[in-house]
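S.K.: Sequence:
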Amino acid sequence: MKQQSARSCGGERRLAGSVRQGHRPALSTPTLVPSHRSCAVARWPLLVLSAGFLLHSGLYTSYAEDAASWGVCVALYDLPEVVDDAAMVGVLGTIVDKCTGDSRLSGHVDSRAVLLAGHSRGGKLSALAAARDTRVKGVALVDPVDVTAMTPSGPGYPSALPGLRAASGPPRRLPALIVGAALNSDMIPADGNFRRFIANCPGPCWSVELQGAGHMQFVDMQVGIFSMFTKGGPTPDAVVRQVTKAAILSWALELVVPMARGEAANSGQVERLKQTAEAMQRLAPLSSSLTGFDGVKAAPGSSASSSSTASSSSTASGSAAKQAAPAATPPAASRGPWSASDKMRYEFLMQMKARELKALLIAGSIPCGDCFEKEDLARRLVETGVGPMSGGGL
Numbered sequence: 006m007k008q009q010s011a012r013s014c015g016g017e018r019r020l021a022g023s024v025r026q027g028h029r030p031a032l033s034t035p036t037l038v039p040s041h042r043s044c045a046v047a048r049w050p051l052l053v054l055s056a057g058f059l060l061h062s063g064l065y066t067s068y069a070e071d072a073a074s075w076g077v078c079v080a081l082y083d084l085p086e087v088v089d090d091a092a093m094v095g096v097l098g099t100i101v102d103k104c105t106g107d108s109r110l111s112g113h114v115d116s117r118a119v120l121l122a123g124h125s126r127g128g129k130l131s132a133l134a135a136a137r138d139t140r141v142k143g144v145a146l147v148d149p150v151d152v153t154a155m156t157p158s159g160p161g162y163p164s165a166l167p168g169l170r171a172a173s174g175p176p177r178r179l180p181a182l183i184v185g186a187a188l189n190s191d192m193i194p195a196d197g198n199f200r201r202f203i204a205n206c207p208g209p210c211w212s213v214e215l216q217g218a219g220h221m222q223f224v225d226m227q228v229g230i231f232s233m234f235t236k237g238g239p240t241p242d243a244v245v246r247q248v249t250k251a252a253i254l255s256w257a258l259e260l261v262v263p264m265a266r267g268e269a270a271n272s273g274q275v276e277r278l279k280q281t282a283e284a285m286q287r288l289a290p291l292s293s294s295l296t297g298f299d300g301v302k303a304a305p306g307s308s309a310s311s312s313s314t315a316s317s318s319s320t321a322s323g324s325a326a327k328q329a330a331p332a333a334t335p336p337a338a339s340r341g342p343w344s345a346s347d348k349m350r351y352e353f354l355m356q357m358k359a360r361e362l363k364a365l366l367i368a369g370s371i372p373c374g375d376c377f378e379k380e381d382l383a384r385r386l387v388e389t390g391v392g393p394m395s396g397g398g399l
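Count the sequence shown with my numbering and you get residues 6 to 399, in order.
Fair warning: there could be bad hints in the mix.
Stated by the list, open to error - Using 25 Å as the maximum straight-line C-alpha spacing, the simulated PhoX-like pairs for lysine-lysine come out as follows: (1) K279 to K250; (2) K358 to K348; (3) K103 to K302; (4) K363 to K236; (5) K250 to K236; (6) K279 to K363; (7) K379 to K302; (8) K363 to K379; (9) K236 to K103; (10) K279 to K302; (11) K363 to K348; (12) K379 to K348; (13) K236 to K279; (14) K358 to K379.
Hints are computed from structural coordinates only; laboratory data are not their basis. Remember, predicted model here, so these are calculated numbers, not experimental data.
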């Protein structure tokens, strides 16, 4: 049987645009949007994605395409010249204005659900802008770099940490995802790396450390000049990107967007992030920690609330710890179209071997004698709520 696509919205469309900032030349702002009106959400969350220093937005195209396929409007941008960090805060605000006010987008973009994400310097810029702009409801920082002893703060180049600490703490409690490369010391001094950002997030924070990744393995292709100064780790570049994109999408769709739309964080959301981390650990060696979720309410139908801190780590082979399976439920053949979370779960399951999928079904006492293909096993796991990234177990 041919493997089926697990795209939730059938792909994406690209809109070209530009933003004029003062007397500077217009900057390019290509925007990727979900291509089908049948997307699971009526209005799209907006994610503004910032590239690293001297890197162009095309190096992050796969991130934008994947997010758009899950119902997220993604704005990329390129500047015609280098702009200092303080000025970039205004640029990012203007991009948000443009995307929420553009006649082609305003009827579809949910201005309540604005997220910022960025790699390297782009992570720092996202944190700086989020601290100033309360429209931003979450930040995803991919191996972010703050000021260091080699590049100290100065006019136009402030540290992002004080603002992140204030935004993450009460009363705002801005949710943050921080993905770090454990093998980035050849490019990033310890006094400005991702661990400093984690230490300055007192609020809801999901941190993921890829133990076999270097700083430049997050981009879609290697850049010659940077490849001369940095080495990659044993985790393949494609896997580094796959895990990072999965973390961003799960964090956005399971936690941040519902919170932006008025839902209080609950233990079910935290549990699903844990399960996403476990699924990611099947792909790459990593450690994961959830902090700042003190006192979140129990999920509907649950009698327990989440603890404030939860962490897990993979072995060198990237295997995940097993949890007890839930009670068996019959296949949900008539439950209707899959949600974005269902489809994301299916993609993760398809990374596993067929015998592993069958073992999960057997452990959950789910009948699978009629499943003859890997796709059938993965579909049965999704439809019964069993397996990694499910709401109920394993």
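S.K.: Evaluate each hint against the coordinates.
M.R.: Hint check results:
At most 25 Å may separate the alpha-carbon atoms for a hinted pair to count; K279 and K250 meet this at roughly 16 Å. Proposed proximity of K358 and K348 is supported: the alpha carbons are some 18 Å apart, at most 25 Å. For the hint linking K103 to K302, the alpha-carbon distance of about 36 Å lies beyond 25 Å, and the restraint is violated. Using a Cα cut-off of 25 Å, the hinted pair K363 and K236 is violated, with the two alpha carbons roughly 38 Å apart.
The suggested pairing of K250 with K236 holds, with an alpha-carbon distance near 21 Å, which does not exceed 25 Å. Between K279 and K363, the direct Cα distance comes to roughly 22 Å. Compliance with the 25 Å bound is thereby established for this hinted pair. Between K379 and K302 the alpha-carbon distance is near 37 Å, which puts this suggested pair outside the 25 Å criterion. Taking the CA atoms of K363 and K379, the gap is about 9 Å. The hint holds against a cut of 25 Å.
For a cut-off of 25 Å, the pair hint linking K236 to K103 is broken: about 38 Å separates their Cα positions. Our distance criterion of 25 Å between C-alpha atoms is met by K279 and K302, whose separation comes to about 16 Å. With a C-alpha separation of about 19 Å, the suggested pairing of K363 with K348 holds against the 25 Å cut-off. Under the criterion of a C-alpha separation no larger than 25 Å, the hint pairing K379 with K348 is consistent with the structure, at around 15 Å.
As the CA atoms of K236 and K279 are separated by approximately 30 Å, the hinted pair breaks the 25 Å bound. The suggested pairing of K358 with K379 holds, with an alpha-carbon distance near 8 Å, which does not exceed 25 Å.
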